[in-house]
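2 protein chains.
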Amino acid sequence: MHRERIRHAGLLEKIVSAEEAASHIRNGMTVGMSGFTRAGEAKAVPLALAARARTEPLKITLITGASLGNDLDKQLAEAHVLSRRIPFQSDPALRKAINAGEVMFIDQHLSETVEQLRTRQIGPVDVAVIEAVAITEQGGIIPTTSVGNSASFAILAEKVIVEINTSQPLLLEGLHDIYIPTRRPVRHPIPIVAPENRVGLPFIPIDPAKIAAIVVTSKLDSSSTVLPPDEDTRAIAGHLTDLLRHEVKLGRLTTTLQPLQAGIGSIANAVMHGLIDSPFHNLTMYSEVLQDSTFDLFDAGKLDFASGSSITLSQAKYQAVLPDFARYKQRLVLRPQEISNHPEIIRRLGVIAVNTALEFDLYGNVNSTHVGGTHMMNGIGGSGDFARNAYLSVFVTKSIAKNGAISSVVPMVSHVDHTEHDVDILITEQGLADLRGLAPRERARLVIANCVHPLYRDALNDYYERALARAGHTPHLIEEALGWHAALRERGTMLPG
Amino acid sequence: MHRERIRHAGLLEKIVSAEEAASHIRNGMTVGMSGFTRAGEAKAVPLALAARARTEPLKITLITGASLGNDLDKQLAEAHVLSRRIPFQSDPALRKAINAGEVMFIDQHLSETVEQLRTRQIGPVDVAVIEAVAITEQGGIIPTTSVGNSASFAILAEKVIVEINTSQPLLLEGLHDIYIPTRRPVRHPIPIVAPENRVGLPFIPIDPAKIAAIVVTSKLDSSSTVLPPDEDTRAIAGHLTDLLRHEVKLGRLTTTLQPLQAGIGSIANAVMHGLIDSPFHNLTMYSEVLQDSTFDLFDAGKLDFASGSSITLSQAKYQAVLPDFARYKQRLVLRPQEISNHPEIIRRLGVIAVNTALEFDLYGNVNSTHVGGTHMMNGIGGSGDFARNAYLSVFVTKSIAKNGAISSVVPMVSHVDHTEHDVDILITEQGLADLRGLAPRERARLVIANCVHPLYRDALNDYYERALARAGHTPHLIEEALGWHAALRERGTMLPG
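Protein sequence lines correspond, in order, to chains B and R.
Residue numbering for the first sequence follows this note's numbering, beginning at 1 and increasing consecutively.
Residue numbering for the second sequence follows this note's numbering, beginning at 1 and increasing consecutively.
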């Protein structure tokens, strides 16, 4: 039994229950688990940990690729297993625990976590728990729908637990490209010069003696919760397509554009979807999460190749893609997030990066993480890796939220994740502001004219005019700059009273 | 005459007066000039422009490497020649014009300007004005004490004006390494894997037919205005050295450390100077400006090699170094700032980056540019290129300024140049906060305990405790977060009234 999936003969005897596997994880340990944007997470061992925490003290530092599916972050948070969580999450229950100060959350650029682990600035990882399609004859681990940080976790950890998920098709074998940068003092250039380049191994190479336990599971990944395009997201997609057409007309881009990245979520997904009805063709993606829109673009004949770190699909898209997966596979590669998000590659390829803002300000600073400047939503994720190093760094958001009680375009953002130095283009359903080559005062005029919702235009303009009267490279009324956020907190709306 | 310096026979006839050379620059043009941190700037043509602007309308966009010496930014600003200035400056008169909105200043990461020029997102450059030691037989331009953006300006510009500076010794020939990344769609990895690697040419290769004029000058670079170490900067240097010793003890670093970068200015210079009396040895630098401390470290036998984009020395150090320059030259290389500051190389080498903050906050956000959140000081320079990609990103500042009227440690910075995601270590003369692996609430406790000046400790702690009572991942009293800055503006001090 399981010989097709556990091909290293000596490892068959390592098959145990989830509870027994979880017993390798003890109170106070640092655990690295697979999982990136609800794809390919270890599913059985974390549940066993949550159960065990009901009867004994159990607190761990949990490091993953990114967010987990199957409500695992919720269950771990509610069982109070998490003392520290790195580097991203998107679960309401965990978010609540983080904002209450019960879980220490370290919100990191997704490319950087394993750099810190490798150099022992954080960690060490005691146990890695990795979901796999199979284990090779040599003991190599073949990941499932995400790579995330799994390769480095397995390589760096003292012990490795593998969850063989029989629901993940063997067809996934060959999808992954596992490349780990060489160690300093002499680290070599990463030899990727195009999204389709394969430069590593199709499995995670580890000493099989480190595999302490194997658990066999069959639970599916959670479906993505991406909403279909609506009028506003279609307008945002239209503004972006218009910009790209204009860039082609100016000779700055060709009709094949440059490799595309899209952040997670409904808006970025809708923006990518908008490229189906565009004049662009033979597109490529160098991104992190491959969502429904990636496969829509394949099906529309628009996309030649997509590189990512995970595949996260809606249920309908998953059911459509799976029977045909062999056809897609040759045009896909999944890489460690250190590589999918690596500054070196993003800058070299000249990626066009589209990420979602919570709010942005008059001068192009972007908040991606903190509601009201204080409360964590999900984390910065890979947006900073891409925005800083992209050829074109685009941020998108709807101009208002909560039926107009919140303006996403504010005098000053209440938390900065992306500075004015890293943002080229701002888009709302109202329009687009192209900030390239502009000084702050010029940017402010464009943002007021093109991006802010009419409900807030006069108020924003009034703020700016009064700030301008005080002068400065970046005019502000420092005592009022966060007044809209204070009003939201006190009165429940940013609208002038 | 000048055959030793103008070796391409056909170019001798291009020697003209500065006024005649400047006549190639017309109203409305974009001009790229050499010059990086007061080193190697074109000296005659900008003065001729300033003079001409007295009698005719003349406005240009001026792009340089970084700041100019010899009061050139002052003279150009006072003659109202500058409509737009990119990407850095440090002149009080120009600063005044920028803050008054008379000059549109685009404050950029220093590695990124030529990326935008090359892809025509800004520009095009009509005329390049480059200071040179000599022109080779093939028409190659040999830069002087800085490379900055000179190579790309000369390559991209329609016309090139060369200023042959006879005060710059011919010995500088061979110091430079001019490497330009290949063009997309296939850009190759930059083959630098150690600070001492030479991967390009010792001159800027251009078609000599583009050289429209040559001006012969002899004005020296301005001396640097770096202040000698004082008690506070010595304390800061001591805290950093202690940290590095501790890293060695933990096995994270060896006693040769990793390549060092230091930002411009007295504090960073003093910190580097502090390494003279340390147990570290066989050090290397991969930095942008090489200041007095670089040569002090060479002389102390501590430093093996230094890579930069410019050399900016005090008068005394210049006079000491110059006679012996042949001895230093083999241990030095000057690169285009795109390469000295390239994310790809900084990340690959694992640079230890030390930069100066104007202010930082409870959570590790850093303001490097804006006084009071509104008024530009100098610009972000290369600090973002280094801080984001470094192995260890350190920011230093004295804990108070203006005799205590200003605290450099505040509840919330009034402008963000480096986000909490990019800052590892904060140091003031009071002490050091190691933020690695810590959540915002943990960082706040450390910053209060170790970094803030005693004059402000109670007030900062009071703010934090009251913010904490409201909860949140990053606790703030949003209506009070910039209150210290508002108080400074209204009452001239941040000290509680």
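If you're looking for bench data, these hints aren't it; they were derived computationally from the structure.
One should not assume that every hint holds.
Since the list gives no way to pick out one identical chain from another, each pair is judged satisfied if it fits inside one copy or across any two copies.
[Stated by the list, open to error] List time: in silico BS3-like cross-link candidates among lysine-lysine, alpha-carbon distance up to 30 Å: (1) K159 - K317; (2) K210 - K317; (3) K219 - K249; (4) K398 - K74; (5) K210 - K159; (6) K302 - K210; (7) K402 - K14; (8) K219 - K402; (9) K398 - K249.
Now the hints, each set against the structure:
1. K159 - K317: Classified as neither: same-chain Cα gap 36 Å, cross-chain 56 Å, threshold 30 Å.
2. K210 - K317: Intra 37 Å, inter 57 Å, cutoff 30 Å: neither.
3. K219 - K249: neither (49 Å within a copy, 46 Å between copies)
4. K398 - K74: within (28 Å within a copy, 43 Å between copies)
5. K210 - K159: Answer is within: at 5 Å inside a copy they meet the 30 Å cutoff, but 64 Å across does not.
6. K302 - K210: neither (44 Å within a copy, 42 Å between copies)
7. K402 - K14: neither (52 Å within a copy, 67 Å between copies)
8. K219 - K402: neither (36 Å within a copy, 63 Å between copies)
9. K398 - K249: within (27 Å within a copy, 51 Å between copies)
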